[in-house]
Amino acid sequence: NAGVMQNPRHLVRRRGQEARLRCSPMKGHSHVYWYRQLPEEGLKFMVYLQKENIIDESGMPKERFSAEFPKEGPSILRIQQVVRGDSAAYFCASSRRNTGNEQFFGPGTRLTVL
Amino acid sequence: AQTVTQSQPEMSVQEAETVTLSCTYDTSENNYYLFWYKQPPSRQMILVIRQEAYKQQNATENRFSVNFQKAAKSFSLKISDSQLGDTAMYFCAFMKEGAGNMLTFGGGTRLMVKP
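Those protein sequences? They're chains A and B, same order as listed.
If you count by the working numbering, then the first sequence holds residues 156 to 269, one letter each, in order.
If you count by the working numbering, then the second sequence holds residues 552 to 666, one letter each, in order.
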């Protein structure tokens, strides 16, 4: 059973470009979470999605950031017009149910903005 | 809102010795879950141990155990017989009961196991 998949593992963008990060949850998991980890810090929650629904986006910056989890295909975290402060590791996690279950993490995508 | 505090930015321990990592949290919730995650240099987040707040018994997983003090809002991790492979960042995390359960992480403790 494959784990949570994220791609790309490393992404380099210049200021003003768009970044698209992909996450495929574990088989049988319908809950997806995105977290951001700045250097030397803990992970910070960004958004919680189920298929075709954003359940909680309280951790998402109000501008330039969006997320989706379509009926078919991976979850996408999209960052428009990237700035240097967006440089971070972005982790996706998935869980089977939404109550107290372990969240399984992907390997993360390290975004570097030049 | 919940907060999680790890007061030890860095710790070191000799191989085969025991080390305890501290974690405190602040919440008004009565039902919740607590976790310790390990992040080795590969950056993969790995669950070490999980505790339900309604359980009085401390969770144990092989060499890893916790000391859960609900009244004090304390959740420390004890690693026995430390191994070189335990070298990693360790994050304490909180999840409240119910829908929309994101994890709230502490700032982490960097543990170095020395040969």
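Note that these hints are calculated values from the structure, not bench results.
Do not take every clue at face value.
[What the hints assert, rightly or not] Examples of chain B residues toward chain A, derived with CB under 10 Å:
1. Val-555
2. Gln-557
3. Gln-559
4. Met-562
5. Ser-563
6. Arg-601
7. Phe-615
8. Phe-619
9. Ala-623
10. Met-640
11. Gly-658
Since we're looking at a predicted model, the values are computed, not measured.
The C-beta atom is built at its ideal place from N, Cα and C for all residues, glycine as well.
Okay, the hints, checked on the actual structure:
no.: 1; hint: Val-555; verdict: holds (8 Å)
no.: 2; hint: Gln-557; verdict: holds (8 Å)
no.: 3; hint: Gln-559; verdict: violated (13 Å)
no.: 4; hint: Met-562; verdict: violated (15 Å)
no.: 5; hint: Ser-563; verdict: violated (17 Å)
no.: 6; hint: Arg-601; verdict: holds (6 Å)
no.: 7; hint: Phe-615; verdict: violated (15 Å)
no.: 8; hint: Phe-619; verdict: violated (15 Å)
no.: 9; hint: Ala-623; verdict: violated (21 Å)
no.: 10; hint: Met-640; verdict: holds (9 Å)
no.: 11; hint: Gly-658; verdict: holds (5 Å)
Checked against the numbered hints listed earlier, the structure breaks hints 3, 4, 5, 7, 8 and 9; every other hint is satisfied.
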